[in-house]
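So the protein sequences, as listed, match chains Y and X. Oh and the first sequence: position 255 is 255 in the working numbering, straight run, nothing missing. Oh and the second sequence: position 272 is 691 in the working numbering, straight run, nothing missing.
It should be emphasised that the hints constitute simulated quantities derived from the structure, not laboratory data. Source: prediction; values computed, not measured. Quick reminder that beta carbons are idealized off the backbone N, C-alpha and C, glycines included. Careful, some of the hints might be misleading.
Estimated spans, in silico, between C-beta atoms of each pair [stated by the list, open to error]: (1) D879(X) - T391(Y): 48 to 58 Å; (2) D206(Y) - R730(X): 49 to 59 Å; (3) A257(Y) - R730(X): 18 to 28 Å; (4) C86(Y) - P459(X): 33 to 43 Å; (5) S30(Y) - L568(X): 52 to 62 Å; (6) S646(X) - A19(Y): 49 to 59 Å.
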Amino acid sequence: MSENLVAADAEAPDTEAPATEAGLAARIRSAFESGEPLAVCGHGSKAVMLRPVQAAHTVSTRHLSGVSLYSPSELILSAGAGTKVCEIEAILAAQGQHLIAEPPDFSALYGTGGAPTVGGMVAANLAGSRRVAWGATRDHVMGLRAVAGNGEVLRAGGRVLKNVTGLDICKLLTGSHGTLAVLSEVTLKVLPAPERRATLAIVGLDPVRGVAALAAALGSPYAVSGAAYLPAEAAARMPMLAWLGGSVTLARIEDFAPSVVYRTDRLRGELASFGAGEVLDDGATRALWSAIGNVAPLALEPSGDAPEQAVWRVSVRPSAGPAVAAALAAALGARWFMDWGGGLVWIAAPATSAAHAEVARVVAAAGGVWILMRAPDSLRVAVDVIPPEVTALARISRRVKAAFDPKGILNPGRMRAGM
Amino acid sequence: MIAQYEPKPDVMARREQILAGLRLLLPPTGVIGEALRLKPYETDGLAAYRQPPLAVALPETTEQVAAVMAFCHAEGVRVVPRGAGTSLSGGALPMADSVVLGLMRMNNILDINYADRFAVVQAGVTNIGITQAVAERNFFYAPDPSSQLACMIGGNVMMNSGGAHCLRYGVTANNLLGLKIVTVQGEIIEIGGAHCDAAGYDWLGLLTGSEGQLALVTEVTVRILRSPEGQRAMLAAFDGIEVAGRCVDAIISSGIIPVALEFMDRPCIHACEAFAHAGYPMDAEAMLIIEVEGSVAEQDDLLGRIKEICRKFDPISLKVSESVEESLAIWKGRKGAFGAVGRISPDYLCMDGTIPTSQLAFVLRRIAEMSAACGLAVANVFHAGDGNLHPLIMFDANDAASFHAAETFGADILRLCVEVGGCLTGEHGVGVEKRDLMGVQFTEIELDQQRRVKSAFDPDWLLNPSKVFPLKLPAMADLPA
Numbered sequence: 001m002s003e004n005l006v007a008a009d010a011e012a013p014d015t016e017a018p019a020t021e022a023g024l025a026a027r028i029r030s031a032f033e034s035g036e037p038l039a040v041c042g043h044g045s046k047a048v049m050l051r052p053v054q055a056a057h058t059v060s061t062r063h064l065s066g067v068s069l070y071s072p073s074e075l076i077l078s079a080g081a082g083t084k085v086c087e088i089e090a091i092l093a094a095q096g097q098h099l100i101a102e103p104p105d106f107s108a109l110y111g112t113g114g115a116p117t118v119g120g121m122v123a124a125n126l127a128g129s130r131r132v133a134w135g136a137t138r139d140h141v142m143g144l145r146a147v148a149g150n151g152e153v154l155r156a157g158g159r160v161l162k163n164v165t166g167l168d169i170c171k172l173l174t175g176s177h178g179t180l181a182v183l184s185e186v187t188l189k190v191l192p193a194p195e196r197r198a199t200l201a202i203v204g205l206d207p208v209r210g211v212a213a214l215a216a217a218l219g220s221p222y223a224v225s226g227a228a229y230l231p232a233e234a235a236a237r238m239p240m241l242a243w244l245g246g247s248v249t250l251a252r253i254e255d256f257a258p259s260v261v262y263r264t265d266r267l268r269g270e271l272a273s274f275g276a277g278e279v280l281d282d283g284a285t286r287a288l289w290s291a292i293g294n295v296a297p298l299a300l301e302p303s304g305d306a307p308e309q310a311v312w313r314v315s316v317r318p319s320a321g322p323a324v325a326a327a328l329a330a331a332l333g334a335r336w337f338m339d340w341g342g343g344l345v346w347i348a349a350p351a352t353s354a355a356h357a358e359v360a361r362v363v364a365a366a367g368g369v370w371i372l373m374r375a376p377d378s379l380r381v382a383v384d385v386i387p388p389e390v391t392a393l394a395r396i397s398r399r400v401k402a403a404f405d406p407k408g409i410l411n412p413g414r415m416r417a418g419m
Numbered sequence: 420m421i422a423q424y425e426p427k428p429d430v431m432a433r434r435e436q437i438l439a440g441l442r443l444l445l446p447p448t449g450v451i452g453e454a455l456r457l458k459p460y461e462t463d464g465l466a467a468y469r470q471p472p473l474a475v476a477l478p479e480t481t482e483q484v485a486a487v488m489a490f491c492h493a494e495g496v497r498v499v500p501r502g503a504g505t506s507l508s509g510g511a512l513p514m515a516d517s518v519v520l521g522l523m524r525m526n527n528i529l530d531i532n533y534a535d536r537f538a539v540v541q542a543g544v545t546n547i548g549i550t551q552a553v554a555e556r557n558f559f560y561a562p563d564p565s566s567q568l569a570c571m572i573g574g575n576v577m578m579n580s581g582g583a584h585c586l587r588y589g590v591t592a593n594n595l596l597g598l599k600i601v602t603v604q605g606e607i608i609e610i611g612g613a614h615c616d617a618a619g620y621d622w623l624g625l626l627t628g629s630e631g632q633l634a635l636v637t638e639v640t641v642r643i644l645r646s647p648e649g650q651r652a653m654l655a656a657f658d659g660i661e662v663a664g665r666c667v668d669a670i671i672s673s674g675i676i677p678v679a680l681e682f683m684d685r686p687c688i689h690a691c692e693a694f695a696h697a698g699y700p701m702d703a704e705a706m707l708i709i710e711v712e713g714s715v716a717e718q719d720d721l722l723g724r725i726k727e728i729c730r731k732f733d734p735i736s737l738k739v740s741e742s743v744e745e746s747l748a749i750w751k752g753r754k755g756a757f758g759a760v761g762r763i764s765p766d767y768l769c770m771d772g773t774i775p776t777s778q779l780a781f782v783l784r785r786i787a788e789m790s791a792a793c794g795l796a797v798a799n800v801f802h803a804g805d806g807n808l809h810p811l812i813m814f815d816a817n818d819a820a821s822f823h824a825a826e827t828f829g830a831d832i833l834r835l836c837v838e839v840g841g842c843l844t845g846e847h848g849v850g851v852e853k854r855d856l857m858g859v860q861f862t863e864i865e866l867d868q869q870r871r872v873k874s875a876f877d878p879d880w881l882l883n884p885s886k887v888f889p890l891k892l893p894a895m896a897d898l899p900a
């Protein structure tokens, strides 16, 4: 891991972590009055995501921690923004439930040590492989409490599963990376965890055939909840797949045990023309999809003197995934794998602005969007880390930012330069 | 009549000019100005409120929508977007000085892509029209509001419509990939596309359910899903509301999420049975419709588990549908519930609060007490899994006192929903109907924050004004009491 990533992960000496929402509001109010920018974090697990924030002070929500409401029969959980995701997962697991969007942990990708918090999960709108069938974090945020850039405490949504009262500020704040308001509490829809999981793995397909197999799987009536393609070199890095010896096309089914047996069998039959599939059991399936969500196939640097690698997260229509991957492999020697049936392409390539421009060009041509997920500070400062918006939308963006954070003190520059 | 912002005198005075300007932008049949032909546009699904608009514009393309918006913006004219006009909250109620911008002529399906599982449709395509277009390949569009035969996808997006199957498949917001929008200034912007998730702010999420406050929607990219192998419904009847509520809790706590889990109380069961002849249990105080999906063996497995749970709550009857026809009859009763109540009462108000499901018995008891106190009958139908309650208040619209009492009763129910931790509206929207109750759920700081978001899109408040947000005092002062 490069020097700058390690440096950014080290806790800033003047990080303040208020113990209450009122304390957070007071701190932001004073920053608003003095006009001093604040960097916002939990435990800093994603501190090196997007652009570096230019701020002398950091405010952390890590002490706004703890589950304040959990009603399993109402499928609702509320927790302080600083609550660790792993703590919430444990509390849910004890009742046989889980976080629907399967939030990934990017610690390995970023080489960071801090535990991901539920506030960070919402602020970054995380989603793992289950997104293709069950939505992203944005789809399950039912309520929020947050402090806007003028120090005002806001509530959005509520603690019920269906709510269209007023503008959907929950969706606006989810994925806004702390640039509009600092989350203090989140309320999530949760669901029963499946009783059993299995994965159908087909070996040796080329990427286009692999995505066609995934389209057939996702277009089947068997409720496939994970659909990934790993080229041979990525599969070889995964202990649970290396023995298969080739590229792997993976479809996951999660449900009650009899359904998993039945559906896996039917799916195997329906995909027979793509090749005989191996079925991975519950344990292997858990480990495999956790690794895919956490970007394990690309997380480790190539050994030796290879140039430092940047990582991009590309979202395109699923059938466009193979062409995007092929173009970037040819132009940049990129390593890659696909999730979401081909719709999510993870790319690793040299951390240069030329490589970045090529990713942006190829993805735009395919009608998709990209996020520069990991790169040295020097590159993250120099380029757009997410696609620029058209003029009319950029105007609306600036006005919405100002509507929440009139002096631009919250995470300035985090998503876009000058905003 | 509900209060609205005062019509702009300068706009009212320039009516003929504005009509002439619109006629330059649209095909000859696309502009309506004659009083008689404005009639159908003066109200929507909340027929108690009526207000003819200044004019109606019926564009056929996104470019025409943009031209109309640019013109209205330049002229300072308010615009009220309209789809099929099925809003139950008065979301499409015109203002006297407004142009109603009807999107019903934009009714083409532009693209269907099964490999990538999306469809691109114009705003005026009906909800059921999407499912019909993809049914030949056994796909469907998931959100299924009761008005799905008539309501249009553009309106579904603006209201973030739900339906009976949201417990499994989510509401409109969870089933969209992209939008083509037109700003108040007439700019055309593509939001999202055929891929998942924005890289910047979630405009798709913010625009969905924005009730026409932020921008116009002309095209929608929806997710389409493969239909399950099959589905089957069962009925469980109980002799008490409380015990039925506990049964719902027990089903969900067991780890089963049925695709639908609907609750009806006695008055609703009786009204629906008279209409649908679905074999509903007439002696029950509460009835659940529970639907599962999958292969026949999977249905048997799930229904077996559910029956076992229900038996712990002393049901009066448990009846599993034996055929597709029987399942359809069960749903015909539920989907026709509003109409069925319409047959036994001259008029009804359909409320739409959401409550934490643990509060169900308490809330229904309180509603029964309020009903007795005000002398108006009420029937309750409820998406039990997600807490979305639809009390149907029966009244006589020809009797002003009866209408006033019904409105007061409805507002009291919604206040109760918020008191117990719920919200004013689960799927019908605020519109004009619940506008003045927004202060029950939100603080003034929170409402101002939402108003600032509106202003960011619509600085002059030309888009669907007098809806969603309580009128500010200065404007109210000018209005007749």
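Comparing the hints with the structure gives:
1. D879(X) - T391(Y): 48 to 58 Å: Distance hint for D879(X), T391(Y) is violated at roughly 19 Å.
2. D206(Y) - R730(X): 49 to 59 Å: Roughly 54 Å apart at Cβ, these two residues keep to the hinted range, so it holds.
3. A257(Y) - R730(X): 18 to 28 Å: Distance hint for A257(Y), R730(X) holds at roughly 22 Å.
4. C86(Y) - P459(X): 33 to 43 Å: 58 Å, violated
5. S30(Y) - L568(X): 52 to 62 Å: Because 57 Å falls inside the window, the suggested range holds.
6. S646(X) - A19(Y): 49 to 59 Å: 51 Å, holds
In terms of the numbered hints stated before, the structure departs from hints 1 and 4, listed from lowest to highest.
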